[in-house]
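**Student:** Starting from the structure of chain A, add chain B where the hints point.
Each protein sequence line maps, in turn, to chains A and B. Reminder that position 109 of the first sequence reads as 108 in numbering that gives the first Met the number 0, one-by-one numbering, no gaps. Reminder that position 146 of the second sequence reads as 145 in numbering that gives the first Met the number 0, one-by-one numbering, no gaps.
Do not rely on the hints blindly, as some may be mistaken.
According to the in silico footprint, chain B covers these stretches of chain A (three or more CB under 8 Å from chain B) [said to hold, decoys possible]:
id, region
1, 183 to 192
2, 277 to 291
3, 299 to 305
For lysine-lysine, the following DSS-like pairs were computed, each having C-alpha atoms within a straight-line distance of at most 30 Å [as the list claims (entries may be wrong)]:
id, chain 1, residue 1, chain 2, residue 2
4, A, K232, B, K270
5, A, K303, B, K132
6, B, K303, A, K232
7, B, K225, A, K298
8, B, K132, B, K270
9, A, K270, B, K270
Worth flagging that the hints you see were computed from the coordinates, not collected in a lab. Every residue gets a Cβ at the ideal spot worked out from N, C-alpha and C, and that includes glycine.
Residue-level listing of the chains:
There are 2 protein chains.
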Amino acid sequence: MNKVIECVPNFSEGIDMDIIGQIADDIKGVDGVKLLNVDPGKATNRTVITFAGEPAAVVEAAFRAIKKAGELIDMSTQKGEHPRMGATDVCPLIPIANISMEETTAYATQLAKRVGEELRIPVYLYEYAQPDKSRNNLSIIRAGEYEGFFEKIKLPQWKPDFGPAENDVKRGATVIGARNFLIAYNINLATTSVPVANAISADVRESGKVMKENGVVLRDANGKAKTIPGSLKYVKAIGWYIEEYGAAQVSMNLTNIEATPIHIVFDEVCKRAEVHGTRVTGSELIGLIPLKAMLDAGKYFLSKQGLSLDVEETELIAAAIRMMGLDELAPFNPQERIIEYVLKG
Amino acid sequence: MNKVIECVPNFSEGIDMDIIGQIADDIKGVDGVKLLNVDPGKATNRTVITFAGEPAAVVEAAFRAIKKAGELIDMSTQKGEHPRMGATDVCPLIPIANISMEETTAYATQLAKRVGEELRIPVYLYEYAQPDKSRNNLSIIRAGEYEGFFEKIKLPQWKPDFGPAENDVKRGATVIGARNFLIAYNINLATTSVPVANAISADVRESGKVMKENGVVLRDANGKAKTIPGSLKYVKAIGWYIEEYGAAQVSMNLTNIEATPIHIVFDEVCKRAEVHGTRVTGSELIGLIPLKAMLDAGKYFLSKQGLSLDVEETELIAAAIRMMGLDELAPFNPQERIIEYVLKG
Numbered sequence: 000m001n002k003v004i005e006c007v008p009n010f011s012e013g014i015d016m017d018i019i020g021q022i023a024d025d026i027k028g029v030d031g032v033k034l035l036n037v038d039p040g041k042a043t044n045r046t047v048i049t050f051a052g053e054p055a056a057v058v059e060a061a062f063r064a065i066k067k068a069g070e071l072i073d074m075s076t077q078k079g080e081h082p083r084m085g086a087t088d089v090c091p092l093i094p095i096a097n098i099s100m101e102e103t104t105a106y107a108t109q110l111a112k113r114v115g116e117e118l119r120i121p122v123y124l125y126e127y128a129q130p131d132k133s134r135n136n137l138s139i140i141r142a143g144e145y146e147g148f149f150e151k152i153k154l155p156q157w158k159p160d161f162g163p164a165e166n167d168v169k170r171g172a173t174v175i176g177a178r179n180f181l182i183a184y185n186i187n188l189a190t191t192s193v194p195v196a197n198a199i200s201a202d203v204r205e206s207g208k209v210m211k212e213n214g215v216v217l218r219d220a221n222g223k224a225k226t227i228p229g230s231l232k233y234v235k236a237i238g239w240y241i242e243e244y245g246a247a248q249v250s251m252n253l254t255n256i257e258a259t260p261i262h263i264v265f266d267e268v269c270k271r272a273e274v275h276g277t278r279v280t281g282s283e284l285i286g287l288i289p290l291k292a293m294l295d296a297g298k299y300f301l302s303k304q305g306l307s308l309d310v311e312e313t314e315l316i317a318a319a320i321r322m323m324g325l326d327e328l329a330p331f332n333p334q335e336r337i338i339e340y341v342l343k344g
Numbered sequence: 000m001n002k003v004i005e006c007v008p009n010f011s012e013g014i015d016m017d018i019i020g021q022i023a024d025d026i027k028g029v030d031g032v033k034l035l036n037v038d039p040g041k042a043t044n045r046t047v048i049t050f051a052g053e054p055a056a057v058v059e060a061a062f063r064a065i066k067k068a069g070e071l072i073d074m075s076t077q078k079g080e081h082p083r084m085g086a087t088d089v090c091p092l093i094p095i096a097n098i099s100m101e102e103t104t105a106y107a108t109q110l111a112k113r114v115g116e117e118l119r120i121p122v123y124l125y126e127y128a129q130p131d132k133s134r135n136n137l138s139i140i141r142a143g144e145y146e147g148f149f150e151k152i153k154l155p156q157w158k159p160d161f162g163p164a165e166n167d168v169k170r171g172a173t174v175i176g177a178r179n180f181l182i183a184y185n186i187n188l189a190t191t192s193v194p195v196a197n198a199i200s201a202d203v204r205e206s207g208k209v210m211k212e213n214g215v216v217l218r219d220a221n222g223k224a225k226t227i228p229g230s231l232k233y234v235k236a237i238g239w240y241i242e243e244y245g246a247a248q249v250s251m252n253l254t255n256i257e258a259t260p261i262h263i264v265f266d267e268v269c270k271r272a273e274v275h276g277t278r279v280t281g282s283e284l285i286g287l288i289p290l291k292a293m294l295d296a297g298k299y300f301l302s303k304q305g306l307s308l309d310v311e312e313t314e315l316i317a318a319a320i321r322m323m324g325l326d327e328l329a330p331f332n333p334q335e336r337i338i339e340y341v342l343k344g
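Just chain A, with the same shape it has in the complex (with noise of 0.2 Å):
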């Protein structure tokens, strides 16, 4: 079995796309490597390219782009919506298949290793492979963005951990790590009211929902809200409504799906839909979905039902689109949102 990983850079470019188009030719220029995704935001000024393949591959193909992007981004002239500190901003490696965080931790810790000594760009490590956990966190080590690294940079808390510890006047500085996959995933609700898919969503989010007495928010010593935790774990959602749907959804994102599963996810969606008296008519997965959680979705759907799991990927797949309803809104082809099929096709 092929180990697979994924990359999804930020770039700080989103406007010319000349400049994006020779940075995603030098990913696709490497044998191994499929480009999956480029999306550039105008407004943002920013392109989320997203390829993946095989390890060394991947690594290879993020080192070029990195380099191609300190060569055509000026960091000292551009602007944009999004907080930013270098050319590319972030560059995090992600376990898709075959492959276990730390492996992947590894390669995000080479990959930083070279782009510090070979690019002489100051990167800092962060998520799974920043053992430190004072600065593992991309918002913390981000925060004075590229204006305020030239000052930053020289504290001895913030020296990064490869490269000089001197801000790049053109390309900044970046921040390289591994993080496990993300899905947005949205459930589609038999009703148009937004009040009660957010009652939903609180239930099930993380994070949970505020603890109200009479209607006043109930707060600690500090006045820090109280809040009531949800049932899911690495799970964040809010209630919006679509006018295109003609629904309200459960808008997710579901940050550790290892650990919380998207059938999971949907069951206790379901569960709590009927406790608000409503139901759940379908699903919507934005993006690429890894096959094992499909197959694990599969063969808990017909677990449930008593049926064989004996049957072929194929049933599995269709098992766990029926269940969750993955084509109410739009055809669902496995061949073009299950990354190992993408990377195969």
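**Tutor:** Coordinates of chain B only, in the frame set by chain A:
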């Protein structure tokens, strides 16, 4: 508020479209009546016509249709797969809006009396219009069919309620009565498994499921299989798989939606689907539905969510469509599916 009744006569001609057309034309010719459907069957050699309107007009149209069928259909040569005893085989009146079953029964009796006295056709009353429980069931009345009625009609216990106690060679005898509105209603499941759909059906249908111990059917002293009744009265249900939809359904007949409304049926099937490890994705209503059933459903589902019932009729209907997923397989246009709207349109 206008009183509305529906009439669904079955005529023993399903092949000769000229005859069917002449009968339908007589119905259409009556002011205050709307022809809703003409459904001829070749193999059964039988046509089911549906029309509705204000009660006196419906009775007049039914009378004219029965008269015309008697003139055009010759039972002495008629053949077909469906059991039948007369040119007009059966003619039920059904309360739809602002009218009780008692009043509807009175109209049915008035129609039967006219048919017996003016047309000289033997008429049996059935269902709510027949107080004698030994002869209120259509299939018991019809037993023996046209060929057997020359003898059966002479028996004291089978003396017709109206008309001569002699079978009419050309027109046979007929059955007129009052019954509840019937709804054919299918609930869609997120599974392809017929056993799962059948297990849900057996849980909810009035006839329930056969009791077994170690795989052996339990029987009473007379050898009759013991059963555990299902949770819903006036509901017949089976599970099946529809290739076209790629989904299993619980396929139902609801025979008394006053006692067991459609929204209660929907909710109960949702609950049992969950117990059997699957999920309801939507539902499918065959034919038309009275407005009250849709409004009651809308109110029920909004109440469950704690939402205001002080909304427009269209919004109640939209909530019912949304919660029951009536538009999952095909668009559900209230103007074409709600009887009162069709009558107005």
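**Student:** Enumerate the violated hints, using their earlier numbering and listing them in ascending order.
**Tutor:** 5, 7 and 8
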